[in-house]
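What follows is each chain in one-letter form.
Number of protein chains: 2
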Amino acid sequence: HERVITDHFINEEVRDEDEIEEPGEIIIAGYGRIGTIVDRMLLAAGYKTTVIDYDSKQIDMLRRLGARVHFGDATRPDLLKAAGIDRARVLVIAIDDVDSVTQLAEYAVQNFPDLHVIASARNRHHVYDLWAVGCRDIIRETYDSSLRVGRSAYEALGIPRAKSRKMVEAFNDLDHRAMLEVADSYDPALPLEKNDAYVARVKEMRGPWEQELGNRIREILRDG
Amino acid sequence: HERVITDHFINEEVRDEDEIEEPGEIIIAGYGRIGTIVDRMLLAAGYKTTVIDYDSKQIDMLRRLGARVHFGDATRPDLLKAAGIDRARVLVIAIDDVDSVTQLAEYAVQNFPDLHVIASARNRHHVYDLWAVGCRDIIRETYDSSLRVGRSAYEALGIPRAKSRKMVEAFNDLDHRAMLEVADSYDPALPLEKNDAYVARVKEMRGPWEQELGNRIREILRDG
Numbered sequence: 002h003e004r005v006i007t008d009h010f011i012n013e014e015v016r017d018e019d020e021i022e023e024p025g026e027i028i029i030a031g032y033g034r035i036g037t038i039v040d041r042m043l044l045a046a047g048y049k050t051t052v053i054d055y056d057s058k059q060i061d062m063l064r065r066l067g068a069r070v071h072f073g074d075a076t077r078p079d080l081l082k083a084a085g086i087d088r089a090r091v092l093v094i095a096i097d098d099v100d101s102v103t104q105l106a107e108y109a110v111q112n113f114p115d116l117h118v119i120a121s122a123r124n125r126h127h128v129y130d131l132w133a134v135g136c137r138d139i140i141r142e143t144y145d146s147s148l149r150v151g152r153s154a155y156e157a158l159g160i161p162r163a164k165s166r167k168m169v170e171a172f173n174d175l176d177h178r179a180m181l182e183v184a185d186s187y188d189p190a191l192p193l194e195k196n197d198a199y200v201a202r203v204k205e206m207r208g209p210w211e212q213e214l215g216n217r218i219r220e221i222l223r224d225g
Numbered sequence: 002h003e004r005v006i007t008d009h010f011i012n013e014e015v016r017d018e019d020e021i022e023e024p025g026e027i028i029i030a031g032y033g034r035i036g037t038i039v040d041r042m043l044l045a046a047g048y049k050t051t052v053i054d055y056d057s058k059q060i061d062m063l064r065r066l067g068a069r070v071h072f073g074d075a076t077r078p079d080l081l082k083a084a085g086i087d088r089a090r091v092l093v094i095a096i097d098d099v100d101s102v103t104q105l106a107e108y109a110v111q112n113f114p115d116l117h118v119i120a121s122a123r124n125r126h127h128v129y130d131l132w133a134v135g136c137r138d139i140i141r142e143t144y145d146s147s148l149r150v151g152r153s154a155y156e157a158l159g160i161p162r163a164k165s166r167k168m169v170e171a172f173n174d175l176d177h178r179a180m181l182e183v184a185d186s187y188d189p190a191l192p193l194e195k196n197d198a199y200v201a202r203v204k205e206m207r208g209p210w211e212q213e214l215g216n217r218i219r220e221i222l223r224d225g
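Chain order of the listed sequences is L and X. The opening position of the first sequence corresponds to residue 2 in the numbering used here, with each subsequent residue numbered one higher. The opening position of the second sequence corresponds to residue 2 in the numbering used here, with each subsequent residue numbered one higher.
What the hints contain is simulated information worked out from the structure, not anything from laboratory work. Glycine included, every Cβ here is placed at the ideal spot set by N, Cα and C. Misleading hints may appear alongside valid ones.
To be verified - Partner residues aside, some chain L positions facing chain X, computed with beta carbon under 7 Å:
hint : residue
1    : A45
2    : I140
3    : V150
4    : A157
The task is simple: from the sequences and hints, build the whole structure.
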């Protein structure tokens with residue numbers, strides 16, 4: 002982790018942090034595979050973004066026009082302040098380390114109630130952790146691609162595209178509902194496999210879930 | 002890597018590999034975050050899947066009804082044969098190791114021309130590698146979630162949902178086209194940063210791409 006805060010602009014100009022006058026409307030913490038794409042999407046729409054990343058390997062990727070870049074650990078309140086978190090509208094958390102994502106989400110949600118916090122979650126367990134600290138916009142980092150792989154498999158097996166899409170939506174609906182139905186049994190202090198109430202609840206619900214999912218998907222296959 | 006091939010069924014029954022009589026229509030290599038979801042999607046639609054994974058930590062997840070599971074290294078031709086690759090319709094490659102994904106994709110594409118091969122790619126570089134070995138259904142493992150994060154940010158910034166969706170589609174279209182436009186300069190024998198032709202081509206195209214993307218997205222923002 003880079004502990005010295007410096008601010009770079011694409012034109013190689015180096016500025017002190019107190020010179021940052023016009024912070025971005027969106028702070029993107031983590032400039033890896035997800036952060037870079039989100040940044041390009043927002044810049045293309047005319048928004049101003051501020052990127053925080055501690056990984057010097059990302060520097061090459063940061064050499065683009067108009068970038069506001071802070072090097073450092075995005076979980077540090079002083080760095081977030083320098084990046085303008087008190088005036089930002091959206092914080093996108095897309096850093097690699099699972100615990101840092103949760104820590105930053107908790108800090109942001111608790112201290113900046115008007116800020117919209119979007120967090121990238123490693124997996125389902127991480128979703129529950131983020132939910133427990135108050136984050137309400139949580140996106141699992143490989144979930145959507147999994148759905149796309151599944152849809153592609155459906156189509157390769159001869160299912161028409163429109164049906165395949167509906168089947169994916171049905172799966173997604175049920176997956177979300179299932180996650181909420183067991184969320185009450187989650188305890189952030191316990192690993193999932195040691196949480197007997199959670200394990201019992203999942204075991205109890207798995208049969209009905211799979212049955213309902215199968216029914217809905219076969220209905221789509223039959224009737225379109 | 003587990004080197005001994007054994008076949009497990011959920012009911013704890015252990016069978017020799019030559020007893021596998023009815024192979025799945027779909028082989029899923031890798032039972033991690035992506036493989037598990039794709040498996041559930043296909044089972045729900047009534048397909049038979051065969052899962053290959055070498056990670057014993059996944060065993061708990063494999064304890065589900067009807068699972069055909071082979072433990073071992075999915076890049077091994079003998080294991081693929083035991084899993085029924087010569088009769089499978091679809092192979093989903095969702096293993097963690099980037100080089101193993103490419104190696105397996107190459108083997109499958111070259112030896113089983115009727116098999117539909119879907120590969121999960123780590124990043125854009127990996128997409129080019131997979132393309133170079135003949136794989137034509139390639140899904141970047143965090144790309145779709147990145148688009149969803151971007152769409153969520155658009156909506157949090159007040160852009161209506163329908164417009165946000167259109168903007169994401171415009172981004173996706175251009176991103177795909179851009180990737181194809183520089184694919185010719187890719188050389189699998191060279192790391193991207195040492196491939197001068199590729200770097201020059203990306204530098205040349207980046208401005209026009211970003212401009213076209215910005216134009217299309219602002220048009221959607223203005224006109225819907």
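Hint by hint, here is what the structure shows:
1. A45: holds, 5 Å
2. I140: At about 5 Å, which falls below the 7 Å cut-off, the nearest Cβ of chain X leaves the hint on I140(L) intact, so it holds.
3. V150: holds, 5 Å
4. A157: Check passed: Cβ of A157(L) comes within 4 Å of chain X, closer than 7 Å.
Every hint, counting from the list given before, is met by this structure.
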